[in-house]
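*Asks:* Chain order of the listed sequences is A and B.
Start counting the first sequence at 4; every next residue gets the next number (this note's numbering).
Start counting the second sequence at 4; every next residue gets the next number (this note's numbering).
Some hints here could point you the wrong way.
Note that the list lumps identical chains together, so a pair holds whenever it fits in one copy or between two copies.
[As the list claims (entries may be wrong)] With a Cα cut of at most 25 Å, we get these calculated SDA-like pairs of lysine to any residue:
hint, residue 1, residue 2
1, K13, A331
2, K96, F241
3, K175, V387
4, K30, M77
5, K136, F154
6, K42, D79
7, K411, Q52
8, K175, Y90
FYI, nobody ran anything at the bench for these hints, they're computed from the structure.
There are 2 protein chains.
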Amino acid sequence: MKDYRSLSAKEREHLLAQLLGEYEKYKAMGLSLDLSRGKPNAEQLDISQAMLAVDMSREACFDDTGFDCRNYGMLDGVPEMKRFFAYLYGLKKEYIFIGGNSSLQLMYDTLARAMLFGVLGSPRPWCREEGRKWICVAPGYDRHFAITEAFGFELLTVRMTPTGPDMDEVEKLVADPKVKGIWCVPKYSNPTGNTYSDETVRRLAKMKCAAPDFRIMWDNAYAVHDINDHGDTLADIFAEARAFGTEDRIFYFSSTSKITFPGGGVSLLAATPANLAQMKPLIGVQTIGYDKLNQLRHLRYFANPDAVREHMTRMGDYIRNKFSITLAALSELDGLGIAEWTKPNGGYFISLDVLPGTAKRVFELMREVGVTLTGVGATFPYGVDPDDSNLRIAPTYPTDSDLALACKILVLAVKIAALEKMK
Amino acid sequence: MKDYRSLSAKEREHLLAQLLGEYEKYKAMGLSLDLSRGKPNAEQLDISQAMLAVDMSREACFDDTGFDCRNYGMLDGVPEMKRFFAYLYGLKKEYIFIGGNSSLQLMYDTLARAMLFGVLGSPRPWCREEGRKWICVAPGYDRHFAITEAFGFELLTVRMTPTGPDMDEVEKLVADPKVKGIWCVPKYSNPTGNTYSDETVRRLAKMKCAAPDFRIMWDNAYAVHDINDHGDTLADIFAEARAFGTEDRIFYFSSTSKITFPGGGVSLLAATPANLAQMKPLIGVQTIGYDKLNQLRHLRYFANPDAVREHMTRMGDYIRNKFSITLAALSELDGLGIAEWTKPNGGYFISLDVLPGTAKRVFELMREVGVTLTGVGATFPYGVDPDDSNLRIAPTYPTDSDLALACKILVLAVKIAALEKMK
Numbered sequence: 004m005k006d007y008r009s010l011s012a013k014e015r016e017h018l019l020a021q022l023l024g025e026y027e028k029y030k031a032m033g034l035s036l037d038l039s040r041g042k043p044n045a046e047q048l049d050i051s052q053a054m055l056a057v058d059m060s061r062e063a064c065f066d067d068t069g070f071d072c073r074n075y076g077m078l079d080g081v082p083e084m085k086r087f088f089a090y091l092y093g094l095k096k097e098y099i100f101i102g103g104n105s106s107l108q109l110m111y112d113t114l115a116r117a118m119l120f121g122v123l124g125s126p127r128p129w130c131r132e133e134g135r136k137w138i139c140v141a142p143g144y145d146r147h148f149a150i151t152e153a154f155g156f157e158l159l160t161v162r163m164t165p166t167g168p169d170m171d172e173v174e175k176l177v178a179d180p181k182v183k184g185i186w187c188v189p190k191y192s193n194p195t196g197n198t199y200s201d202e203t204v205r206r207l208a209k210m211k212c213a214a215p216d217f218r219i220m221w222d223n224a225y226a227v228h229d230i231n232d233h234g235d236t237l238a239d240i241f242a243e244a245r246a247f248g249t250e251d252r253i254f255y256f257s258s259t260s261k262i263t264f265p266g267g268g269v270s271l272l273a274a275t276p277a278n279l280a281q282m283k284p285l286i287g288v289q290t291i292g293y294d295k296l297n298q299l300r301h302l303r304y305f306a307n308p309d310a311v312r313e314h315m316t317r318m319g320d321y322i323r324n325k326f327s328i329t330l331a332a333l334s335e336l337d338g339l340g341i342a343e344w345t346k347p348n349g350g351y352f353i354s355l356d357v358l359p360g361t362a363k364r365v366f367e368l369m370r371e372v373g374v375t376l377t378g379v380g381a382t383f384p385y386g387v388d389p390d391d392s393n394l395r396i397a398p399t400y401p402t403d404s405d406l407a408l409a410c411k412i413l414v415l416a417v418k419i420a421a422l423e424k425m426k
Numbered sequence: 004m005k006d007y008r009s010l011s012a013k014e015r016e017h018l019l020a021q022l023l024g025e026y027e028k029y030k031a032m033g034l035s036l037d038l039s040r041g042k043p044n045a046e047q048l049d050i051s052q053a054m055l056a057v058d059m060s061r062e063a064c065f066d067d068t069g070f071d072c073r074n075y076g077m078l079d080g081v082p083e084m085k086r087f088f089a090y091l092y093g094l095k096k097e098y099i100f101i102g103g104n105s106s107l108q109l110m111y112d113t114l115a116r117a118m119l120f121g122v123l124g125s126p127r128p129w130c131r132e133e134g135r136k137w138i139c140v141a142p143g144y145d146r147h148f149a150i151t152e153a154f155g156f157e158l159l160t161v162r163m164t165p166t167g168p169d170m171d172e173v174e175k176l177v178a179d180p181k182v183k184g185i186w187c188v189p190k191y192s193n194p195t196g197n198t199y200s201d202e203t204v205r206r207l208a209k210m211k212c213a214a215p216d217f218r219i220m221w222d223n224a225y226a227v228h229d230i231n232d233h234g235d236t237l238a239d240i241f242a243e244a245r246a247f248g249t250e251d252r253i254f255y256f257s258s259t260s261k262i263t264f265p266g267g268g269v270s271l272l273a274a275t276p277a278n279l280a281q282m283k284p285l286i287g288v289q290t291i292g293y294d295k296l297n298q299l300r301h302l303r304y305f306a307n308p309d310a311v312r313e314h315m316t317r318m319g320d321y322i323r324n325k326f327s328i329t330l331a332a333l334s335e336l337d338g339l340g341i342a343e344w345t346k347p348n349g350g351y352f353i354s355l356d357v358l359p360g361t362a363k364r365v366f367e368l369m370r371e372v373g374v375t376l377t378g379v380g381a382t383f384p385y386g387v388d389p390d391d392s393n394l395r396i397a398p399t400y401p402t403d404s405d406l407a408l409a410c411k412i413l414v415l416a417v418k419i420a421a422l423e424k425m426k
C-alpha cells in the first residue's frame, strides 16, 4: 500500500470521497458494536465454569491446617492460598497478603491508608503532604489515574515506551520529595501490551527517590496472561530491589479476576514483612477478614499452580484469536504512514496510535456508525491525550464476527480522519 | 440464696476459704476453654452448609435481568439481592447498596471516605476537622470504637441502658458541632443484648445536631437473630427520621455474616438516594464491583426472604440452648447482691456486671484456671471500663459441656472476687 504522504492532493481528495462513500454504507446498517470494554466475553468465562461446581462440602471447608474457613479469622488469607500465589508469581510467601475479589480495591485501600496514616517511613500521613505528586505512565490505566487524582495528587505524565516508562524522565521526577509514587502495569501494560525490560525494572529498583516513603504500585494484573508460546518475561522486581536495599518501596498487586471470574476472583498484595507489619494492624481495623471460602474454591479447582498455566493456555487461545482478527484488519493500514499499533504477546489490549490530531475524529466517526471505542484520552492523566493520537482497542468482549466488522470500520475511520487532516 | 452484704465478716471469710478450695480443684484440671469469641460454632455453621452446594451452573450465573454476574459490573449489587434485603429488613430498595463479605469493612470504608472527602453536607473532609468527636454507647462493640479511634476522633462515652443509649446525654453532646456521629447496635446490642425502645429511636431521629453532617452509624447486625417467639421489635429509623426531615443522617448496615457464614456472607449499606448519589462515584474509584456470584449463591439458597426467617429459627434454637446453659449457671448468683446480667431475646452476647472493681480480678481468676474471657474494658472506648465491672460473655463458640463447665467456674470467680473485695 502506498504511503498517504506520497499521494498528490488530488489523489487524496479522490480517495477520501471513495472512503466516505463506503462509510455511508456502514452508517446505514444501524450497527451497535463495542470495542471499549476490557472484559472477557461469556464464552471465555465458560472456561472457568467448573470452579463454581467444586466440592464445598463440610470437609472441603477446612484448610490444610484444620482451620474452619467458614468462620471468622485469618486476616491475611488461607496459608495454602499464600503458598499457591507465591509459587505462581515467584514471590516469597511471607510477603503475601490475600484480599477480596478486587485488586483495584486493595490498591485504593493501600493508598487510602497511606493518606490517613502514611506508609512505613512516612514523616506524616499523605493527606498532610501539601503539593503531593504522582507519576502516571501514559498511555496507561484510567482507573489507576482516577485513584491518585481523587486523593489530590498532581498527576505527572511520563511516556510509555516499548521497554516501559521513559526512565530518564522518571529518574528526574523522583528527585522531587513531593513525588510519592508511580503506577506501573509492568507486563502486557494496559493499553500498549508492552512489558518492562530488565533494564527498566532494574532502574526502578535502583533510582534515588527523594521522598523517604516513595512507593511503586506494581500492578502485575497480566502476570500469567500469555497468548502464545513466546510470552514476555518480566524481571523479579523484589529481587532487583533487594540488591539495592529498596525492597520497601514496592507494593505488588495481582488477582485472578482475569484468570477465573472478574466478579468473583481472589486478589493479592505482596510487600516486605516490614511493610506488612505496618499495614496489617490497620487492615485489622477495617475488616475481620476476606472471603476465605472463595480462596478455597480456587484452591480446590486449581489442584496446583501448574494447573493455572494449563488453564491460561486455553484462555490464551481464546484471546489470541481475538487479537489475530484485530491485527489482520489493522494490517490494511500497513505502509500508509498514518498509524502505528502494538502486537502484544499477551494481556487484553492493543494500542493504536493514529495520525496526531485525529483520534477524537476517529472516535466520532465510529460513534456515528454505531461502534463504541474507549474514550479518547482515557488512557492519559486527566483524560487528555496531548497528541490526540492514542486509541485503546479492547477486542475480547465482542463476538468474532462483530469484532471483524468493527475493526474493518475502524480502519476506514482512521483513513478518513487522516485524509481530512492532510487536506 | 443470701445476699453477701447481709453476711458477717466471719461468715464471708469462711465462705471465701471454701470457694478458694473449690477453685483450686478446677485449677488442677489444666483446662483450656474460651468464652471470648462472638462467633458461631462449627455445628451452627453446618446449618448453612447447603448454600455452598446450590446450582451455580452457567445459567444460574445470570440474574433475573439477564446480566452475567461472572463478569465486571453492577457496582451497587444485583437488583434481585437489593429487593431481597429490602423485604427482609423492611427497607426501600432504592436505599440499598450491596457490599462484599464484611459490613465492618463497609462501615470503615464509609468513614474513611468521610475522612478524605466528607459526606453529603460536609463543609470539608473530616480529616480537616480539628478536635472531631464521636459518641460511643458503652458497653458496646470494640471494633466500632477502634475505627473512630484510628481516625483520630475523641471518643465520648454514653451509657447503654435497657432502652438504648442515655438519650438525655446524647442530646446534650450533639449540640457540639465537633460531634460528628454515634455508633449504634440498635437490636440485641453487643454486648448487652438490649434493643432500643421506640422512644429512643424517635429521639435519635428528632434530636437537633449542631454538625450539619452528623451521622448515625446504625449497625443492625442482629436484625433477624431472635432466639425465641417473643423476639424484640425495633422501630424503623428511616420512617422516624423521614417525619423529622433527618433521613440523611442515617447510615444503616447489616450482613449475612451471622445468617450464613462469617467468612463468606454478603453485606449491605442503606442510605437515602441523596447520600448514595454522593457516595457511589467515590466507591466507583475504589472498586469495579463486589462479588456478585456470592450474592447469587445466597439468592439461590434462600428462595425467598421468608426462607431466611425459617433458617433463623433453626439458628435461634441453637443459640437459645447456649444462652440457656449460661443463664442456668448464672442463676447461682441470684440474690447475692454481687452481680447483674442481661437475658436477651436474641443476638450473640450476654452482658454480666459484677461487683464494681472486681471485673479484672474475675478475668485473672478465669485466666489462671484456663478459661479465656473477653478482655475487661474491651466493651468501652479506649478499652477502659471506669467501673471495672462489665464482662461480655460469648456463649456460642464452645461445646455445651465446655460452656457449662466454663460458666460454673465463672460463677465461682465472681463470688471469690466479690468476697475478696468485701474484706
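*Asks:* Next step is simple, just say for each hint if it's right about the structure.
*Replies:* Okay, the hints, checked on the actual structure:
Taking the shortest alpha-carbon separations for K13 and A331, neither the intra-copy value of 29 Å nor the inter-copy value of 100 Å comes in at or below 25 Å. Within a single copy, K96 and F241 get their C-alpha atoms as close as 13 Å, which meets the 25 Å cut-off; across copies the closest is 47 Å, which misses it. Taking CA atoms no more than 25 Å apart as the test, K175 paired with V387 passes inside one copy only; the shortest distance there is 23 Å, against 51 Å between copies. In this homomeric assembly, K30 and M77 never come within 25 Å of each other (Cα to Cα): the closest approach is 56 Å inside a single copy and 31 Å across copies.
Proximity of K136 to F154 under the C-alpha cut-off of 25 Å is found in both arrangements, the shortest distances being 10 Å within a copy and 24 Å between copies. In the homo-oligomer, the alpha carbons of K42 and D79 lie at most 25 Å apart only across protomers (19 Å), although the nearest pairing inside one protomer, at 28 Å, exceeds that limit. In the homo-oligomer, the alpha carbons of K411 and Q52 never lie at most 25 Å apart, since the shortest distance is 32 Å inside one protomer and 52 Å across protomers. In this assembly of identical chains, the alpha carbons of K175 and Y90 never lie at most 25 Å apart, being 36 Å within a copy and 58 Å across copies at closest.
The structure is inconsistent with the numbered hints 1, 4, 7, 8, although it conforms to all the rest.
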